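A.B. asks: Residues per chain, in single letters:
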Amino acid sequence: MRRAAVMGGILLMANMAVAQQATPPPPAPPRAANLPSPAEKTLGNGMRVIVVPKHDIPLVSARLMVRTGSEADPANLAGLAGITANLLTQGTTTRGAEQIARGIEALGATLNSNAAWDTSYVNVSVMSSRLEQALSFVADVARNPVFKTDEVERLREQSIDAVRVALQDPLSIARYVAARVVFEDRPYGHATTGTPDSLAQITREQIVAFHKRHYRPNNAVLILAGDVKPEVAFAAAEKLFGKWKSAPVKVTRSEGDAKVTDSKPRVIVVDMPDAGQAAVLVTRRGLRRVDPRYYPSLVANSVLGGGYSARLNQEIRIKRGLSYGATSTFELRRDAGPFSAYAQTKNESAAEVAGIIIDELDRLGAGELAETELTPRKAVLVGGFGRALETTAGIVERVASLALHDLPLSEIGAYIPGVQGVTGEAVRKFAASQLQGASANIVIVGNASAFIEALRKRFGTVDVIPVEELDLDTSALRKVKKAAFF
Amino acid sequence: MRLLALLPVFLATALSGATFPTIDYKHRVLPNGLEVYSVEDHATPTVAIQVWYRVGSKDDPEGRSGFAHLFEHMMFKSTKNMPSEMLDRLTEDVGGWNNATTFDDSTPYYEVVPSNYLETLLWAEAERMGSLNVDDTNFKSERDVVKEEFRSSVLTPPYGRLFYAIVRNSFEKHPYRRPGIGSLEDLDASTIDDVRRFHSTFYRPDNAVLIVVGDFEQAQLTKWVDQYFAKIAKPETKIPRVNVEEPVRKGERRAVEKVPNVPLPAVAMTWLAPAASHADAPALQILAAILGRGESSRLYQALVYKDAIAQEIDASAELMQDLGFFAVLSIMGSGNTPEQGEKALRAELKKLQDAPVPAAELEKAKNLLVTDALRERETNSGKAFALGEAIILGGGPAEVNRGLARLQGVTAADVQRVARTYTRDQKPVVLSYVAADEKKEGGE
Chain U
95 MRRAAVMGGI LLMANMAVAQ QATPPPPAPP RAANLPSPAE KTLGNGMRVI
145 VVPKHDIPLV SARLMVRTGS EADPANLAGL AGITANLLTQ GTTTRGAEQI
195 ARGIEALGAT LNSNAAWDTS YVNVSVMSSR LEQALSFVAD VARNPVFKTD
245 EVERLREQSI DAVRVALQDP LSIARYVAAR VVFEDRPYGH ATTGTPDSLA
295 QITREQIVAF HKRHYRPNNA VLILAGDVKP EVAFAAAEKL FGKWKSAPVK
345 VTRSEGDAKV TDSKPRVIVV DMPDAGQAAV LVTRRGLRRV DPRYYPSLVA
395 NSVLGGGYSA RLNQEIRIKR GLSYGATSTF ELRRDAGPFS AYAQTKNESA
445 AEVAGIIIDE LDRLGAGELA ETELTPRKAV LVGGFGRALE TTAGIVERVA
495 SLALHDLPLS EIGAYIPGVQ GVTGEAVRKF AASQLQGASA NIVIVGNASA
545 FIEALRKRFG TVDVIPVEEL DLDTSALRKV KKAAFF
Chain D
85 MRLLALLPVF LATALSGATF PTIDYKHRVL PNGLEVYSVE DHATPTVAIQ
135 VWYRVGSKDD PEGRSGFAHL FEHMMFKSTK NMPSEMLDRL TEDVGGWNNA
185 TTFDDSTPYY EVVPSNYLET LLWAEAERMG SLNVDDTNFK SERDVVKEEF
235 RSSVLTPPYG RLFYAIVRNS FEKHPYRRPG IGSLEDLDAS TIDDVRRFHS
285 TFYRPDNAVL IVVGDFEQAQ LTKWVDQYFA KIAKPETKIP RVNVEEPVRK
335 GERRAVEKVP NVPLPAVAMT WLAPAASHAD APALQILAAI LGRGESSRLY
385 QALVYKDAIA QEIDASAELM QDLGFFAVLS IMGSGNTPEQ GEKALRAELK
435 KLQDAPVPAA ELEKAKNLLV TDALRERETN SGKAFALGEA IILGGGPAEV
485 NRGLARLQGV TAADVQRVAR TYTRDQKPVV LSYVAADEKK EGGE
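Protein chains in written order, with the working numbering: chain U, 95 to 580; chain D, 85 to 528.
No wet-lab data here; the hints were simulated from the structure. The structure displayed is predicted, hence computed values, not measured ones. Just to be clear, a hint being listed does not mean it is correct.
[Stated by the list, open to error] Here are the simulated DSS-like pairs of lysine-lysine, each with C-alpha atoms no more than 27 angstroms apart in a straight line:
| id | chain 1 | residue 1 | chain 2 | residue 2 |
| --- | --- | --- | --- | --- |
| 1 | D | K434 | D | K110 |
| 2 | D | K164 | D | K315 |
| 3 | D | K164 | D | K322 |
| 4 | U | K242 | D | K390 |
| 5 | D | K164 | D | K318 |
| 6 | D | K435 | D | K390 |
| 7 | D | K450 | D | K434 |
| 8 | U | K413 | D | K164 |
| 9 | U | K413 | D | K224 |
[Said to hold, decoys possible] Distance ranges between label pairs, derived from CB positions:
| id | chain 1 | residue 1 | chain 2 | residue 2 | range |
| --- | --- | --- | --- | --- | --- |
| 10 | U | D368 | D | N217 | 39 to 45 angstroms |
| 11 | U | D368 | D | G335 | 32 to 38 angstroms |
| 12 | D | G147 | U | D356 | 37 to 43 angstroms |
The C-beta atom is built at its ideal place from N, Cα and C for all residues, glycine as well.
Please build the complete structure, drawing on both the sequences and the hints.
C.D. replies: In structure tokens form, the structure reads like this:
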């Protein structure tokens with residue numbers, strides 16, 4: 095078992111103490127943390143099984159994932175991977191939707207299936223005494239779904255309604271628009287949830303074909319974490335998945351970074367006159383998960399917007415009271431996913447918040463980063479990493495991500511030294527090349543009349559789209575005016 | 085809550101029992117009245133520290149709804165020996181985290197840190213219990229943050245006002261009727277003097293519970309607690325307590341909430357329910373699970389799956405210290421009305437009032453609730469919360485280990501009885517949640 099120490103912040107605390115004040119007692123020496131030790135096996139049909147034992151609570155989390163997700167949605171069928179995954183639990187060759195729900199819930203277990211960009215998955219969480227029964231449901235829904243017509247129609251209607259609800263929420267709209275602005279009509283540009291129009295077009299045949307093509311053991315990984323012995327888990331996997339037939343699977347890729355040229359950054363406002371607040375989102379193309387700049391990107395983001403005391407929240411919330419919270423993230427996918435920084439603020443301060451975010455992007459690449467700032471921002475990452483590994487679901491998440499991207503599981507042990515090894519200069523360099531303010535798009539969804547003047551003053555040309563004219567199925571983002579063709 | 089949206093979540097009854105790892109806590113009371121609970125557990129090199137104050141949104145001063153929550157934010161500002169945000173330096177900056185939540189009855193402040201920082205955090209918690217040293221600039225800026233929190237959680241999301249409206253309509257007299265996030269007007273009316281007064285009135289050792297769970301040595305903890313907390317004086321003043329009797333509802337009441345940007349209407353029904361410590365609480369939790377938990381639940385099966393009139397359903401027993409309410413709700417699917425939802429909700433409740441629930445269905449609800457409790461107890465922080473909830477909600481600390489047995493003891497007859505007592509023999513409030521411009525469009 096590997097051991098890792100957690101960094102301290104004694105210096106910083108001493109600096110903060112003001113004359114005549116009592117200072118807090120310093121920390122004791124740090125104690126070592128435990129890292130999980132995964133065991134793994136590949137079944138005869140090519141399915142990889144990974145087990146991470148953890149016996150303190152009688153609980154197991156498991157995920158069956160296939161290495162294909164929404165990036166494989168055809169251009170006009172946004173939502174296909176998602177609807178396919180969601181339908182898995184809605185009926186198999188031997189059980190109806192109601193039977194599946196009753197059976198799994200009788201065990202006290204929770205079962206859900208969904209698609210992300212690079213993967214589709216079935217998750218289960220269950221008391222360890224009922225693990226095998228729960229896994230038999232996972233195997234059944236992944237291997238034998240029937241996609242009955244009435245289930246397809248029911249889910250289609252529900253999904254369309256869910257998207258309609260999301261399209262009344264400024265931040266959700268901003269995310270949808272941001273994907274189109276950064277990735278245009280390429281993969282990653284569409285909505286994983288689909289849109290009302292794209293969902294209406296998906297046929298049962300396309301769903302069946304998607305499942306048949308991608309849900310194969312040689313394209314699948316089963317990950318279990320919790321109160322289970324590896325040999326017991328391997329035996330259950332063999333029993334439940336051993337006879338699952340393999341077939342050649344072309345893992346659908348979006349495109350490599352090299353081929354892509356980003357368009358000129360845009361400033362877009364979606365005008366929603368009765369929005370309670372404006373969502374301000376700054377975005378550009380980011381990195382692949384396997385990019386060699388992975389650790390500098392993590393640390394740079396931690397300094398910029400990864401947590402309460404990061405710069406964006408310092409400037410926007412703590413110093414100015416403009417938002418409940420400002421955050422930034424890199425979505426690290428098989429290909430380069432987006433970087434985004436965002437905050438919600440009252441409509442009147444939307445332009446100011448956009449300006450602060452752009453300024454902070456530039457500041458990170460321009461100036462030196464002091465150790466007194468860098469050290470705590472690394473500690474945030476190290477601490478969060480350790481806490482995620484305290485829960486079975488957190489372990490599954492971490493291990494699944496490594497497996498998905500074909501990274502060795504020993505990377506778990508590389509995380510803490512990887513983060514600690516990033517220098518202030520590496521962060522500055524990374525930010526100067528990847529986070530320049532001028533390279534970023536700005537998307538604001540809110541009551542335009544409250545901020546449009548200030549926004550134009552700072553950023554020049556702004557494209558204003560009334561919310562009722564928004565079309566997420568094209569990078570033009572506007573509904574075509576049919577009248578023009580008469 | 086300081087960092088995340090103020091969630092419409094009330095404290096659930098804590099569950100545990102024989103088949104289950106118990107939480108072995110130690111308890112003592114300092115001469116100044118501070119209650120201390122500790123659970124030593126060396127599984128990970130972290131420690132969870134929580135201070136629960138017995139003050140919550142129900143104690144908001146008159147005309148100052150939302151004040152207890154605004155005050156919670158001020159507890160992260162300066163004290164005699166700590167500059168503003170120093171708590172973040174002591175937690176976030178060393179790889180830990182902190183937050184706080186204002187519930188109706190209590191306000192827990194909580195941290196998780198690498199265990200070598202335990203003494204540092206005990207010092208800091210004692211520091212902010214002992215004194216606050218806030219200035220007007222700090223106060224106004226933080227009040228702006230809370231107003232943004234209000235906009236983010238209530239005004240902006242399509243169903244942000246739904247829970248807000250449910251709470252406001254469910255009680256007639258009791259201060260539980262005021263949503264904890266308050267209102268923009270009341271927040272604007274609050275002053276820095278209110279902050280000082282609130283601290284001296286409620287933030288004192290005899291109104292607080294300290295809970296420490298994780299990687300520490302008991303003898304060392306005892307020494308540190310004495311060193312940092314024992315010197316905080318117990319004030320002579322009496323702690324004011326809410327003592328409002330909520331009247332029994334005389335008749336059914338209907339309310340309509342008209343809200344912009346609501347694509348699908350919703351309907352909610354609520355009934356008054358007893359306090360969390362009442363003997364009927366476990367049966368009400370099970371009733372809620374049978375109605376609304378998972379895709380095999382009664383409401384999901386009837387409204388979402390079979391009739392496909394609803395997009396989303398929920399059922400919950402929101403039980404607090406003084407009393408609570410039982411709620412069912414349905415967000416309607418396209419083309420379906422709140423009236424259809426109400427009819428279906430009533431029909432499902434009637435089935436549970438009229439006949440006992442089958443044994444397998446009862447067992448399922450118990451298993452789901454027990455597994456929830458297991459999941460909560462995976463972390464030191466989760467264990468501390470389970471303990472805090474048991475202490476605060478009136479059942480007492482032993483409930484953290486006794487709750488599961490109580491839950492397992494619930495019979496089908498109990499579920500039918502509470503369904504009758506609370507959702508048949510009491511009067512509902514029926515709340516329709518509709519788009520503000522619905523009428524206008526319909527008339528054109």
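A.B. asks: Straight-line Cα separation of D:K164 and D:K318 no greater than 27 angstroms?
C.D. replies: holds (18 angstroms)
A.B. asks: Given the hint that U:K242 pairs with D:K390, test it: the Cα-Cα distance must not exceed 27 angstroms.
C.D. replies: Measuring from Cα to Cα gives roughly 15 angstroms; hence the hint holds.
A.B. asks: When you check the alpha-carbon spacing of D:K164 and D:K322, does it fall within 27 angstroms?
C.D. replies: holds (25 angstroms)
A.B. asks: If you draw a straight line from the CA of U:K413 to the CA of D:K164, is it 27 angstroms or shorter?
C.D. replies: Cα-Cα ~21 angstroms, so holds.
A.B. asks: Do the alpha carbons of D:K164 and D:K315 lie within 27 angstroms of each other, as the hint requires?
C.D. replies: At roughly 15 angstroms apart (the allowed maximum being 27 angstroms), D:K315 and D:K164 satisfy the hint.
A.B. asks: Please verify whether D:K450 and D:K434 have alpha carbons no more than 27 angstroms apart.
C.D. replies: holds (21 angstroms)
A.B. asks: Mind checking the hinted window 39 to 45 angstroms against the Cβ distance between U:D368 and D:N217?
C.D. replies: holds (41 angstroms)
A.B. asks: Regarding the pair D:K434 and D:K110, is the alpha-carbon distance no greater than 27 angstroms?
C.D. replies: violated (45 angstroms)
A.B. asks: CA of D:K435 to CA of D:K390, is that 27 angstroms or under?
C.D. replies: holds (16 angstroms)
A.B. asks: 37 to 43 angstroms was suggested as the range; check whether the CB atoms of D:G147 and U:D356 agree with it.
C.D. replies: Given about 54 angstroms between the Cβ atoms, the range is violated.
A.B. asks: CA of U:K413 to CA of D:K224, is that 27 angstroms or under?
C.D. replies: holds (11 angstroms)
A.B. asks: So does U:D368 sit 32 to 38 angstroms from D:G335, Cβ to Cβ?
C.D. replies: holds (35 angstroms)
Hints 1, 12, counting from the list given before, are not met by this structure.
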